[in-house]
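These protein sequence lines map, in sequence, to chains L and S. Residue 68 in this note's numbering sits at position 60 of the first sequence; the count goes up by one each step and never skips. Residue 388 in this note's numbering sits at position 212 of the second sequence; the count goes up by one each step and never skips.
Don't read these hints as lab results, they were simulated from the structure. Note that the structure is a prediction, hence the values are computed from the model and not measured. Wrong hints could be hidden among the right ones.
The calculated SDA-like cross-link candidates involving lysine to any residue, where the alpha carbons are at most 25 Å apart (straight line), are [as the list claims (entries may be wrong)]: (1) S:Lys327 x L:Lys73; (2) L:Lys73 x L:Arg45; (3) S:Lys298 x L:Lys73; (4) S:Lys329 x L:Glu267; (5) S:Lys298 x L:Asp234; (6) S:Lys384 x L:Asp234.
Computed beta-carbon distance windows for the label pairs [unchecked claim]: (7) S:Arg419 x L:Asp54: 47 to 53 Å; (8) S:Glu209 x L:Asp161: 40 to 46 Å; (9) L:Glu267 x S:Lys363: 21 to 27 Å; (10) S:Phe340 x L:Val58: 34 to 40 Å; (11) S:Asp193 x L:Asp197: 29 to 35 Å; (12) L:Glu267 x S:Asn356: 30 to 36 Å; (13) L:Ile84 x S:Glu346: 41 to 47 Å; (14) S:Gln299 x L:Lys163: 28 to 34 Å.
Some chain L residues well away from chain S (every beta-carbon gap over 12 Å; in silico) [claimed, not checked]: (15) Gly74; (16) Met139; (17) Ser148; (18) Glu150; (19) Phe177; (20) Ala198.
We put the beta carbon where it would ideally sit given N, CA and C, even for glycine.
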Amino acid sequence: MSKKEKGGLLKSEIQYHIQMKKGDVADFVILPGDPGRVEFIADHFDTAKVVADNREYKTMTGKYKGRSISVTSTGIGCPSTAIAVEELANIGAKTFVRMGTSGAMQDFTRVGDKVIATGAVRFEGTSVQYMPIEFPAVASHEMVTALVRSASDAKLNYHTGIVQSKDSFYGQHSPEDMPIAQELLQKWDAWVKGGVLCSEMEAATLFVVGSYRKLRTGAVLLVAGDQAKGESLTKEDYQQNMTESINMILEASLDIEEESSNG
Amino acid sequence: MFDNKVEQVKHLPLKIDEVARYVIVPGDPNRVEIIASVFDEYKLQGSNREFNAARGTYKGTDVSVVSTGIGCPSTAIAVEELAYIGAEVFIRIGTSGSVDNSVKKGDIFIATGAVRDDGTSKQYIPIEFPAIADFELVTNLIKAAKDLNIKSKVGICQSKDSFFGEVEPERMPVAPYLDNKWKAWQKGGVGASEMEAATLFTVAQIRKLKAGAVLAVEVSDEETVKKMTKIVLECINIMERDRRNE
Numbered sequence: 009m010s011k012k013e014k015g016g017l018l019k020s021e022i023q024y025h026i027q028m029k030k031g032d033v034a035d036f037v038i039l040p041g042d043p044g045r046v047e048f049i050a051d052h053f054d055t056a057k058v059v060a061d062n063r064e065y066k067t068m069t070g071k072y073k074g075r076s077i078s079v080t081s082t083g084i085g086c087p088s089t090a091i092a093v094e095e096l097a098n099i100g101a102k103t104f105v106r107m108g109t110s111g112a113m114q115d116f117t118r119v120g121d122k123v124i125a126t127g128a129v130r131f132e133g134t135s136v137q138y139m140p141i142e143f144p145a146v147a148s149h150e151m152v153t154a155l156v157r158s159a160s161d162a163k164l165n166y167h168t169g170i171v172q173s174k175d176s177f178y179g180q181h182s183p184e185d186m187p188i189a190q191e192l193l194q195k196w197d198a199w200v201k202g203g204v205l206c207s208e209m210e211a212a213t214l215f216v217v218g219s220y221r222k223l224r225t226g227a228v229l230l231v232a233g234d235q236a237k238g239e240s241l242t243k244e245d246y247q248q249n250m251t252e253s254i255n256m257i258l259e260a261s262l263d264i265e266e267e268s269s270n271g
Numbered sequence: 177m178f179d180n181k182v183e184q185v186k187h188l189p190l191k192i193d194e195v196a197r198y199v200i201v202p203g204d205p206n207r208v209e210i211i212a213s214v215f216d217e218y219k220l221q222g223s224n225r226e227f228n229a230a231r232g233t234y235k236g237t238d239v240s241v242v243s244t245g246i247g248c249p250s251t252a253i254a255v256e257e258l259a260y261i262g263a264e265v266f267i268r269i270g271t272s273g274s275v276d277n278s279v280k281k282g283d284i285f286i287a288t289g290a291v292r293d294d295g296t297s298k299q300y301i302p303i304e305f306p307a308i309a310d311f312e313l314v315t316n317l318i319k320a321a322k323d324l325n326i327k328s329k330v331g332i333c334q335s336k337d338s339f340f341g342e343v344e345p346e347r348m349p350v351a352p353y354l355d356n357k358w359k360a361w362q363k364g365g366v367g368a369s370e371m372e373a374a375t376l377f378t379v380a381q382i383r384k385l386k387a388g389a390v391l392a393v394e395v396s397d398e399e400t401v402k403k404m405t406k407i408v409l410e411c412i413n414i415m416e417r418d419r420r421n422e
């Protein structure tokens with residue numbers, strides 16, 4: 009890359025992957041993994057319209073109780089999440105709350121519980137291309153506080169604590185089939201002993217990129233399955249629980265003062 | 177780990193139940209009495225190696241202060257043994273250097289997490305695991321500082337093993353390595369640099385204890401130590417009140 013082009017992709021007006029420009033997103037963005045979930049989330053806003061839809065990145069922007077709010081899907085995994093966060097930050101987004109599902113890792117994290125992540129295990133390859141591995145993936149205290157407030161007001165079953173972010177979904181679900189089975193199993197055991205609450209695939213990179221770009225970050229993870237107990241949410245329970253997660257984030261957004269995303 | 181229910185632990189000058197639920201952990205043994213002097217009353221309990229202990233009360237709550245010595249190796253020993261004899265909530269008081277330009281000399285810094293640039297925490301859990309302060313403790317430390325009209329900053333600190341590797345990196349054989357990492361911490365949003373928090377947070381998380389840290393940036397005078405102690409004692413007071421109301 010020549011000197012002239014350095015940072016070119018990051019500075020162009022229309023962001024390369026998310027296909028949006030300044031003014032298209034609010035300062036507060038909800039980040040689900042699944043593009044198919046964007047519309048369901050936006051249905052809980054007071055107003056919303058689709059502003060972009062490219063690759064796995066679909067965005068809707070609108071209002072909730074007078075507050076500007078957006079939802080952008082990240083796709084599965086930290087690589088596509090880092091792209092989404094970088095490009096959204098380039099066009100003025102300042103607060104990012106991931107909304108996703110996860111697998112239980114402790115006896116007391118039950119299917120249907122909401123986990124508010126305070127930090128994440130960096131068992132993924134993206135965040136190490138930003139910061140050395142010793143750096144902790146930490147959610148913003150202010151965002152965690154707002155999420156705890158809204159979960160507590162809604163009387164939901166919630167936990168705060170550390171989550172695990174991995175790159176290989178099947179490495180978690182069938183570790184014994186992998187050539188590095190021993191490492192996967194031994195590390196999993198260490199995370200469980202370390203009190204990690206649940207396993208997911210995007211939070212660590214969200215938090216690390218957020219620290220570097222000085223963004224406010226958080227994550228709400230619905231416990232949708234429990235490998236050890238062989239439990240998972242039924243389809244009806246799933247919708248209901250998703251609605252609870254969405255409302256929790258929307259109410260928490262009201263504690264975060266709206267900032268201009270055009271500046 | 178402590179198989180034969182020993183009365184006297186190996187390194188600390190303390191026996192089972194000779195510590196409060198809340199324990200303040202400074203690095204310097206000489207700071208133990210300075211910190212305890214802010215309590216309503218206190219008694220010195222003795223000293224062994226770098227571990228100096230005192231116990232007292234503040235607004236009716238039982239509080240201890242035990243020094244850890246410098247560095248994560250002795251901090252891990254102190255935390256393990258204190259937990260064994262009954263401590264549950266650990267709050268470090270310490271001094272630090274500033275890393276990025278958001279943190280200035282004289283600031284009071286409340287850590288939410290720590291860079292694991294130490295060797296000890298890696299002998300507990302793989303490096304991908306984050307060293308994170310207890311959420312409730314961070315919330316109450318922020319609240320206590322606010323209630324006392326003391327300005328504080330909140331963020332990530334770096335915990336290193338080599339003091340001179342930070343202050344004089346250029347004379348180390350691994351100078352380029354130290355320099356590259358330091359630049360990453362500066363860019364990535366690390367506020368303060370110290371030597372114990374990463375292991376304190378990691379061991380506490382694994383043992384299901386609560387831990388936090390209050391750091392003074394580039395100042396270490398008695399008045400500053402007392403100011404940090406006031407924040408910590410007020411935080412303990414809030415936590416104890418909440419616990420009784422539950």
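Each hint tested on the structure:
no. : hint                            : verdict
1   : S:Lys327 x L:Lys73              : violated (33 Å)
2   : L:Lys73 x L:Arg45               : holds (21 Å)
3   : S:Lys298 x L:Lys73              : violated (47 Å)
4   : S:Lys329 x L:Glu267             : holds (21 Å)
5   : S:Lys298 x L:Asp234             : violated (28 Å)
6   : S:Lys384 x L:Asp234             : holds (22 Å)
7   : S:Arg419 x L:Asp54: 47 to 53 Å  : violated (40 Å)
8   : S:Glu209 x L:Asp161: 40 to 46 Å : holds (45 Å)
9   : L:Glu267 x S:Lys363: 21 to 27 Å : holds (23 Å)
10  : S:Phe340 x L:Val58: 34 to 40 Å  : violated (57 Å)
11  : S:Asp193 x L:Asp197: 29 to 35 Å : holds (33 Å)
12  : L:Glu267 x S:Asn356: 30 to 36 Å : holds (33 Å)
13  : L:Ile84 x S:Glu346: 41 to 47 Å  : holds (44 Å)
14  : S:Gln299 x L:Lys163: 28 to 34 Å : violated (41 Å)
15  : Gly74                           : holds (27 Å)
16  : Met139                          : violated (5 Å)
17  : Ser148                          : violated (8 Å)
18  : Glu150                          : violated (8 Å)
19  : Phe177                          : holds (17 Å)
20  : Ala198                          : violated (5 Å)
Consistency with the previously given hints fails for numbers 1, 3, 5, 7, 10, 14, 16, 17, 18 and 20, ordered from lowest to highest.
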